[in-house]
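Starting from the given sequences, assemble the full structure and let the hints guide the process.
Chains as they are written, first to last, in our numbering: chain W, 1388 to 1892; chain S, 20 to 274.
It should be emphasised that the hints constitute simulated quantities derived from the structure, not laboratory data. Just so it is clear, the structure is predicted and the values come from calculations on it, not from any experiment. Note that beta-carbon positions come from the ideal geometry of N, C-alpha and C, so glycine has one too. Some clues are possibly wrong.
[Stated by the list, open to error] Ranges of calculated distance between the beta carbons of each label pair, as one might list FRET restraints:
(1) S:LEU143 with W:ARG1441: 44 to 50 Å
(2) S:LYS175 with W:ASP1706: 43 to 49 Å
(3) S:GLY47 with W:ASP1883: 53 to 59 Å
(4) W:THR1756 with S:GLY228: 46 to 52 Å
(5) S:GLU191 with W:PRO1817: 46 to 52 Å
(6) S:GLU177 with W:GLY1457: 55 to 61 Å
(7) W:VAL1613 with S:ARG249: 46 to 52 Å
(8) S:ARG249 with W:GLY1455: 29 to 35 Å
(9) W:ASN1707 with S:ASP127: 34 to 40 Å
(10) W:GLN1588 with S:GLY228: 54 to 60 Å
(11) W:GLU1421 with S:VAL70: 17 to 23 Å
(12) S:GLU177 with W:TYR1871: 47 to 53 Å
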Amino acid sequence: MVAQYVMSIDQGTGSTRAILFDQGGRLVSVAQREHRQFYPRPGWVEHDAMEIWRNLEHVARESLHRVGAGADQVAAIGIANQRETSVLWDRRTGMPIGRAVVWQDTRTDELVAEFAERPDAGIVLERTGLPLATYFSAPRIRWLLDHTPGLYERAERGDVLFGTMESWVVWNLTGGVDGGVHVTDVTNASRTLLMDLRTLQWDKELLDFFGVPAAMLPEIRSSAEVYGTAKRAVRGVRIAAALGDQQAALFGQTCFARGEAKCTYGTGSFLLLNTGGTPVRSTHGLLTTVGYRIGAEPAAYALEGSIAITGALVQWFRDNLGLISSAPEIETLARTVEDNGGCYIVPAFSGLYAPHWHSGARGIIVGLTSYITKGHLARAVLEATGWQTREVVDAMNADSGLELTTLKVDGGMTADNLLMQFLADVLDAPVVRPMIAETVSLGAAYAAGLAVGYWPDLEGLRRNWHRAAQWLPAMDPARRESEYSNWRRAVERTFDWVQPNHAAT
Amino acid sequence: MPGPVQSIERAAAILRLLARGSGRLGVGEIATSLGLAKGTTHGILRTLQGVGFVEQDKASGKYQLGATLLHLGTSYLDVNDLRSRAINWADALASRSGEAVRIGTPLDGKVLVVHHVFRPDDSLQTLDVGSLLPLHATALGKVLLAYDADVASQVKDEDLEWFTRRTLVTAEALNRAIGQVRELGWAVEVEEFTPGQASIAAPIRGYGGLVVGAISIAGAVERLCPLADRADPGLVAFVQNAARAISRDLGAGRW
Chain W
1388 MVAQYVMSID QGTGSTRAIL FDQGGRLVSV AQREHRQFYP RPGWVEHDAM
1438 EIWRNLEHVA RESLHRVGAG ADQVAAIGIA NQRETSVLWD RRTGMPIGRA
1488 VVWQDTRTDE LVAEFAERPD AGIVLERTGL PLATYFSAPR IRWLLDHTPG
1538 LYERAERGDV LFGTMESWVV WNLTGGVDGG VHVTDVTNAS RTLLMDLRTL
1588 QWDKELLDFF GVPAAMLPEI RSSAEVYGTA KRAVRGVRIA AALGDQQAAL
1638 FGQTCFARGE AKCTYGTGSF LLLNTGGTPV RSTHGLLTTV GYRIGAEPAA
1688 YALEGSIAIT GALVQWFRDN LGLISSAPEI ETLARTVEDN GGCYIVPAFS
1738 GLYAPHWHSG ARGIIVGLTS YITKGHLARA VLEATGWQTR EVVDAMNADS
1788 GLELTTLKVD GGMTADNLLM QFLADVLDAP VVRPMIAETV SLGAAYAAGL
1838 AVGYWPDLEG LRRNWHRAAQ WLPAMDPARR ESEYSNWRRA VERTFDWVQP
1888 NHAAT
Chain S
20 MPGPVQSIER AAAILRLLAR GSGRLGVGEI ATSLGLAKGT THGILRTLQG
70 VGFVEQDKAS GKYQLGATLL HLGTSYLDVN DLRSRAINWA DALASRSGEA
120 VRIGTPLDGK VLVVHHVFRP DDSLQTLDVG SLLPLHATAL GKVLLAYDAD
170 VASQVKDEDL EWFTRRTLVT AEALNRAIGQ VRELGWAVEV EEFTPGQASI
220 AAPIRGYGGL VVGAISIAGA VERLCPLADR ADPGLVAFVQ NAARAISRDL
270 GAGRW
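Dropping the structure here:
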């Protein structure tokens, strides 16, 4: 049988999806399953890693079943994953130890503050390009090791393995306790605070700084090479790519050259700019990270503006407040009014990420009067995404010395026309959506396809990119300035809400 | 004339029961209350669950009224929801067919464009989401007229505005065209709205097979209808496949 498809697995924050793509980079089949979000305490966010694995097995098979295809028609599997979410598991039983701690979780904020006070704390930013923040994996590993008796000793012996979600997935796909391969790719490793950005290897001093035993760490590999062959779910198929989801989107948007950027709108939103073969240090609150690495070629680096809460705010509106019954209805509700009525929502649910990085900030709704209706609040929900993007674009322009001319967007929220128009308005630049909104999945598929020769080179992938929609700025400049000024004042009011010496809530 | 359908009467009794009191009941409790066999009750509950009128709580296994039932009076598929669920298939249709794609729903005697995907040639195009199109002169409109009796009943002769010399401006001509749509399961419009342009559309169905909208491709008449006004069968198949995929995702079952 000729291998007709490439399968991508997008193991995201809210759900796991398997998508089959054909040679034209077109979506042939999709299967998706959501998994539970656990919020045991304010600021704590967890997933059940076994639930995720079972969902993955199901969606992988279901995507093939929907088109009547067999595993032998799949050339390769590429994996894109929610980044920084950390899981520890027992190498011999294959069982996770406790739940996976998700990237939005802030339980490590006191621990992070302690690390930041150490005299040698400077090596973290210098070696990894990342600030010391609750966002990244190493403080979580330390926290998990500290909070389970005996776990540290087991980890030192190599009986406990650490992974971000692609490591967990690859280990299980390649057999788990029965010969599972324990690897990670450079983009995921670059989010741990344990990898040196230039050497692309685990750094001994960083391991010592955080107190993480080397034995528990996966091997660092490139983003596109054959890691192993699946023994479960889709037997016999080569696993040929792994990329953090935002880097997968950068790849799927064909941002292969220095200066090309994209922003993905999902639970959180992430603006990434390809900076070429050299890491660029940010002085405006952005992260330096690895963009991707194809096999033995030099890695491409990127600047990243991470906004933790965008789509998550819509879901909160739906699930916690019950004001809408589906996420897309936020647009319907927002359109019942002309504007925000003077109210603003700053969703600093996990503190503020880029460009401010205030872990003590928490969310606010400001400007309330008896005039405000749920329609105005819905507008404020969408505008929060627009303004957070504006802040990050400003920082990116300052760091890179380039002026963003067009923003390429992707992700679920790009279906919201009101939001996309607002984005163009506040950026004062055209916003463009490509023909495939599923660029995360596409990027993982492209990388896997390249690794096994299903696609020959990057140029062919570029030719698959087409514009599906475009929004042009239409807002009065004076209004943009005054609204932006109101937004910035609202943001300042969120700083330092959580006082130091509060119990790690 | 045949008497009432027994299973529907029983289903109604179950719904009334659930609407009372705490609203959460197990199969056994429902069966006992209504004097039915457990197996019969279970069968009816499964079907009610399938159409969304009843939901089952995973933890306790008890049944309660479903959200769909509670929203039955209001227009039950939000247009932004429709767009969100159709977007991947609409993109794929644009990519495969090489033409611009639109999704439309009925609004006040016209077609409301709820989604628009550009023709994938990277040429300069403007997004026309939110615009209104005529029901009688577009393929989208003809599909909606064919499958929504409510929409069809609202169209009067005076509404049949002239756009080109090929626009259908009489009720008989329109009815004939609509009859054909029902027979074929898809609609075509050839230079009836804009000279030089044609469009092909198919129905999007939701729960129970109800038509909630339509999806179309539109472009140059020589590409869509290369042979004497006949829609290219390959393109028709693409449109129908996209419509079916969206319908399946909306819970239409095998239609």
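(message) Range first: 46 to 52 Å. Now tell me if the beta carbons of W:VAL1613 and S:ARG249 are that far apart.
(response) Hint holds: Cβ distance 49 Å, inside 46 to 52 Å.
(message) Does the beta carbon distance between W:ASN1707 and S:ASP127 stay inside 34 to 40 Å, or does it fall outside?
(response) About 35 Å separates the Cβ atoms of W:ASN1707 and S:ASP127, which means 34 to 40 Å holds.
(message) Quick check: does the Cβ-Cβ distance between S:GLU177 and W:TYR1871 fall within 47 to 53 Å?
(response) holds (50 Å)
(message) Assuming the hint says 46 to 52 Å, is it satisfied by the Cβ distance from W:THR1756 to S:GLY228 or not?
(response) holds (47 Å)
(message) Please check whether S:ARG249 and W:GLY1455 have a Cβ separation lying inside 29 to 35 Å.
(response) This hint holds: roughly 30 Å between Cβ atoms.
(message) I want to verify a distance hint. Is the separation of the beta carbons of S:GLY47 and W:ASP1883 within 53 to 59 Å?
(response) For S:GLY47 and W:ASP1883 the Cβ distance comes to about 57 Å; the hint holds.
(request) Using the Cβ atoms, figure out if S:GLU177 sits within 55 to 61 Å of W:GLY1457. (result) holds (58 Å)
(message) Taking the Cβ atom of S:LEU143 and the Cβ atom of W:ARG1441, is their distance within the range 44 to 50 Å?
(response) 48 Å Cβ-Cβ, so the 44 to 50 Å window holds.
(message) Quick check: does the Cβ-Cβ distance between W:GLU1421 and S:VAL70 fall within 17 to 23 Å?
(response) Between W:GLU1421 and S:VAL70, where Cβ atoms are some 22 Å apart, the hint holds.
(message) Does the beta carbon distance between S:LYS175 and W:ASP1706 stay inside 43 to 49 Å, or does it fall outside?
(response) With Cβ atoms ~45 Å apart, the hint holds.
(request) Take the C-beta atom of W:GLN1588 and the C-beta atom of S:GLY228, compute their distance, and say whether it sits inside 54 to 60 Å. (result) Cβ of W:GLN1588 to Cβ of S:GLY228: about 58 Å, so the range 54 to 60 Å holds.
(request) Determine whether the Cβ-Cβ distance between S:GLU191 and W:PRO1817 falls within the hinted range of 46 to 52 Å. (result) holds (47 Å)
When each numbered hint is compared with the structure, no violation occurs for any of them.
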